[in-house]
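Trainee: One-letter residues, chain by chain:
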Amino acid sequence: MWYKFDLKDIANLVRKSGVLLALIALVVFLSITSNVFFTTHNILNILRQVSVNLILSIGTAIVILTGGIDVSIGAIMAFSAVVAASLMNSLGILTASILGIFIGLGIGTMNGLAVGVLGLEPFVVTLSTMLSIRGLAYVYTKGYPVSDIPGNYAFLGSGYVGFMPLPILLSISIFILALIILKYTPFGRHIYAIGDNETAARLSGINVKMTKTLVYTINGGLAAFAGLILVSRLISAVPTVGMNAPFDAIAAVVMGGISLSGGKGSLWGMLIGVLLLGTISNGLNLLRIQSFWQEVVRGIVIFIAILIDRLRVSKRL
Amino acid sequence: MDMIFEVRNVSKRFPGVQALDSVNFVLKKGTIHALVGENGAGKTTFVNIISGIIRPDKGDIYLKGKKVRVNTPAQARMLGISLVPQILNLCQDMTVAENIYMGQEQKFMHKGLIDWKSINISANRLLKDELGVDIDVTKKVMGLTVAEQQFVEIAKALSFESSVLILDEPTATLTEPEKERLFKVLRKLVDKEKAIIYISHRLDEVFEIADIYMVLRNGRVVGTGSVSDITKEKLVTMIVGETVKTLSRKSLVQKPNKKCVLEMRNVSFDGVRDLSFCLREGEILGIAGLIGSGKSVVAHLLFGINTPDTGQIKIMGEPVVLSSPNNAMRLGIGFVPADRLHQAMFLHRSVLENITIANLKRFKRFGLIKVGKEKEKAHEVSQRLEIKMSSIREDVMYLSGGNQQKVSIARWISRTPRIIILEEPTQGIDVKAKAQVREIMLSLQEQGISVIAISSDVDEIISVCDRVIVMFDGRITSILEGGEVIKDLVSRAELGRYKNVV
Ligand SMILES: Nc1ncnc2c1ncn2[C@@H]1O[C@H](COP(=O)(O)OP(=O)(O)OP(=O)(O)O)[C@@H](O)[C@H]1O
Ligand SMILES: [Mg+2]
Numbered sequence: 000m001w002y003k004f005d006l007k008d009i010a011n012l013v014r015k016s017g018v019l020l021a022l023i024a025l026v027v028f029l030s031i032t033s034n035v036f037f038t039t040h041n042i043l044n045i046l047r048q049v050s051v052n053l054i055l056s057i058g059t060a061i062v063i064l065t066g067g068i069d070v071s072i073g074a075i076m077a078f079s080a081v082v083a084a085s086l087m088n089s090l091g092i093l094t095a096s097i098l099g100i101f102i103g104l105g106i107g108t109m110n111g112l113a114v115g116v117l118g119l120e121p122f123v124v125t126l127s128t129m130l131s132i133r134g135l136a137y138v139y140t141k142g143y144p145v146s147d148i149p150g151n152y153a154f155l156g157s158g159y160v161g162f163m164p165l166p167i168l169l170s171i172s173i174f175i176l177a178l179i180i181l182k183y184t185p186f187g188r189h190i191y192a193i194g195d196n197e198t199a200a201r202l203s204g205i206n207v208k209m210t211k212t213l214v215y216t217i218n219g220g221l222a223a224f225a226g227l228i229l230v231s232r233l234i235s236a237v238p239t240v241g242m243n244a245p246f247d248a249i250a251a252v253v254m255g256g257i258s259l260s261g262g263k264g265s266l267w268g269m270l271i272g273v274l275l276l277g278t279i280s281n282g283l284n285l286l287r288i289q290s291f292w293q294e295v296v297r298g299i300v301i302f303i304a305i306l307i308d309r310l311r312v313s314k315r316l
Numbered sequence: 000m001d002m003i004f005e006v007r008n009v010s011k012r013f014p015g016v017q018a019l020d021s022v023n024f025v026l027k028k029g030t031i032h033a034l035v036g037e038n039g040a041g042k043t044t045f046v047n048i049i050s051g052i053i054r055p056d057k058g059d060i061y062l063k064g065k066k067v068r069v070n071t072p073a074q075a076r077m078l079g080i081s082l083v084p085q086i087l088n089l090c091q092d093m094t095v096a097e098n099i100y101m102g103q104e105q106k107f108m109h110k111g112l113i114d115w116k117s118i119n120i121s122a123n124r125l126l127k128d129e130l131g132v133d134i135d136v137t138k139k140v141m142g143l144t145v146a147e148q149q150f151v152e153i154a155k156a157l158s159f160e161s162s163v164l165i166l167d168e169p170t171a172t173l174t175e176p177e178k179e180r181l182f183k184v185l186r187k188l189v190d191k192e193k194a195i196i197y198i199s200h201r202l203d204e205v206f207e208i209a210d211i212y213m214v215l216r217n218g219r220v221v222g223t224g225s226v227s228d229i230t231k232e233k234l235v236t237m238i239v240g241e242t243v244k245t246l247s248r249k250s251l252v253q254k255p256n257k258k259c260v261l262e263m264r265n266v267s268f269d270g271v272r273d274l275s276f277c278l279r280e281g282e283i284l285g286i287a288g289l290i291g292s293g294k295s296v297v298a299h300l301l302f303g304i305n306t307p308d309t310g311q312i313k314i315m316g317e318p319v320v321l322s323s324p325n326n327a328m329r330l331g332i333g334f335v336p337a338d339r340l341h342q343a344m345f346l347h348r349s350v351l352e353n354i355t356i357a358n359l360k361r362f363k364r365f366g367l368i369k370v371g372k373e374k375e376k377a378h379e380v381s382q383r384l385e386i387k388m389s390s391i392r393e394d395v396m397y398l399s400g401g402n403q404q405k406v407s408i409a410r411w412i413s414r415t416p417r418i419i420i421l422e423e424p425t426q427g428i429d430v431k432a433k434a435q436v437r438e439i440m441l442s443l444q445e446q447g448i449s450v451i452a453i454s455s456d457v458d459e460i461i462s463v464c465d466r467v468i469v470m471f472d473g474r475i476t477s478i479l480e481g482g483e484v485i486k487d488l489v490s491r492a493e494l495g496r497y498k499n500v501v
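These protein sequence lines map, in sequence, to chains A and B. In terms of numbering that gives the first Met the number 0, the numbers along the first sequence are unbroken and rise by one, the last being 316. In terms of numbering that gives the first Met the number 0, the numbers along the second sequence are unbroken and rise by one, the last being 501.
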């Protein structure tokens, strides 16, 4: 029953999305130019690399769907990661990780209350959160990486279940959960309704303040979780981690056809956006492009992808 | 009479519907041409094509015998065509005067700068002297009632002094006296040899002001001619394709219970003063009043959008604080707002989601919405109201104005609250649907639900309401009961000329 709607979303994507087109073109190009690209090993590698951005993009997507924005997730990631990492030896891995996630949820809730209840501008609120929380991460670590991390913590970021890397499983589970929440729970419907017409949402009895607050809370929690995965992969927590994180997430979300003004778009498009960004990085590495140039190319590809989208919407292509 | 405007063979197709099918149309100088038809018949599509908002698939437009292209609203304006759109799309963050003269600022340049003072003066002259409505032109549009916004749109269209003026349901939320003032202005324009296209679902108006009628049904012209050659019954039959009974005075089924389900005591807020009344169980209570009478403020107070400065509201005898719509809903109140676009519609969501959004709890099982049940319910109400759509998954933005209004009503009748407030419930809906909404109101009453109907349409009020509260200048001036509720009394009371001892 329920999958029917998603089939429609996916069909829409195939018909309309320039980003999907760009992704396919890139995959074809890389498969021809590099003989290692289209191998199970490399594909799993890409998926593992994008799983952090996928988790962050899901949170960012629901914030943007309400018509908001959150640029503080990179800082939340860093702060909760350094705190959790530094406490793993004393508190144990599980307790420290849970604490890390609660830090993320807490900071997210503060964002949410400022936006949802006080009615402040989300960009400015989360920008100031970004600055101060990033600052706290430096203060807490005095600028040094936390690398005194128990070895078996690496399982979270580098472990396998069967042949499947754990981060991939985790991020896909969160993705599916988010899909279900957005489509089949009142909370999800409320998110779309608020982004479409906030006044009408309020007059339909939706608790706009609470829904908005909750969305930032969730985003904070997801950011912290993504941070934990990243730390586990690197076996070190640096306070500078995730500087670009909010922008990668926003890029994926917008490329996926979710409108920055809120209320429009589905997570499927965002997934394509995430995959496109991941494939670009992977491809550029395979082609041994220098890392500074990689940034340049990434910027250009994002621009071209959304341009194709635009042209297809206005039926000029 | 020479013709100034001709449309030949215009067709337009939208996904899933032929909105216009080879329409021919001739407009003559100094005439008023009425365009009528069911919701979704293609009226708005037709005038949108003429005014450059959408492009036809085929067909040509001739102005004074010359073929013209109307690709943008700006082009239409240059050709002397201006439109009062059905969906009021004013800039909410700009003032009334700025909205009226948007794009015409160069008319008011003084030493290279815009002379805002003279813009305000001109806007004020248009609204107050020409149209006779008292709206502060320096106020932002946000916060105006729909009727006020409607007058701003009218003033804006008039400001271009075009030779062809198109009005798409301008009176949907206007009262009788307000409509009369508009008609006076239109008659003056006709005397100046201008031509007018007039769309309305209020057929009395067609007979009052128009010279020619044209009926559209499913995008085709099914009849056109001189208004003096047709009767109202014939016109109705032509519009819906079958005979329907028109509104008649309601026969009181049962005396409403005397118990007050809702009571306002000496409530004051922002211009409305000292409101006291009681809504009885199972009663349909009308509220009538002109622009500025405060009738929509009452709805906002009862639904928790605003909270009173002083006074008390009681529900079932208990004093309550209605602090938010959510809170009002919990107390069993529902509200269909008049400002559909800003307060009710989720334009980019489907008809289905729009209908069920206020009622999701009912379909929930283990935290998830049972989609099948939800769809069933939405289908049921949309069929009851005959919402014209290509599918229940269609986005509401693609529905015609009247069908959007039906969606707005559908949202609340699928909920059955204890008290329901309907603000301009039949605005923009066709004769048949009006009768349906009236049936629905009566059936709600039968279920013991109390209804407050705030309406500019006197016929509607007298045909369903048990009692009518008339407001003038922020106060209740009279409460008319049963037999007293006759058209003339309501109209006079709206003007503040009739005072009953409350
Ligand atoms: N942009 C659009 N996309 C798809 N369908 C559309 C679009 N605009 C209008 N339609 C459809 O075209 C038909 C005619 O719509 P139109 O708005 O012209 O009706 P109308 O006669 O003005 O009705 P109303 O009295 O309700 O205002 C309707 O079935 C409507 O759903
Ligand atoms: Mg219309």
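Hints should not be assumed to be uniformly reliable.
As the list claims (entries may be wrong) - Which residues of chain A face chain B? A few of them, derived with a C-beta cut under 7 Å, are:
| id | residue |
| --- | --- |
| 1 | ARG47 |
| 2 | PRO185 |
| 3 | ALA192 |
| 4 | THR198 |
| 5 | ALA199 |
| 6 | LEU202 |
| 7 | SER203 |
| 8 | SER260 |
| 9 | GLY262 |
| 10 | TRP267 |
| 11 | ARG297 |
Because the hints were derived from the structure by calculation, they are not lab data. Beta carbons: idealized from backbone N, C-alpha and C, even for Gly.
Trainee: Determine for every hint whether it applies to the structure shown.
Mentor: The hints, checked one at a time:
Interface hint status for ARG47 of chain A: violated, as the beta-carbon distance to the closest one in chain B is roughly 31 Å, over 7 Å. At its closest, the beta carbon of PRO185 of chain A sits 4 Å from a beta carbon of chain B; the interface hint therefore holds under the 7 Å criterion. Proximity of ALA192 of chain A to chain B holds as hinted, the smallest CB-CB distance being about 5 Å (cut-off 7 Å). A hinted interface residue such as THR198 of chain A counts as satisfied when its beta carbon comes closer than 7 Å to some beta carbon of chain B; here the least separation is about 5 Å, so the hint holds.
Interface hint at ALA199 of chain A: satisfied, since its Cβ lies 5 Å from the closest Cβ of chain B, which is below the 7 Å cut-off. Restraint check, LEU202 of chain A versus chain B: the minimum CB separation of about 5 Å is within 7 Å; hint holds. For SER203 of chain A, the suggested interface contact is upheld, since its CB lies about 4 Å from the closest CB of chain B, less than 7 Å. Nearest Cβ of chain B to the Cβ of SER260 of chain A: about 10 Å, over the 7 Å cut. The hint is violated.
Checking GLY262 of chain A against chain B by beta carbon gives a least distance of about 5 Å; that is within 7 Å, so the hint holds. The interface hint given for TRP267 of chain A is broken, as the beta carbon of that residue sits about 16 Å from the closest beta carbon of chain B, more than 7 Å. The closest approach between the C-beta of ARG297 of chain A and any C-beta of chain B is roughly 30 Å, which is over the 7 Å cut-off, so the hint fails.
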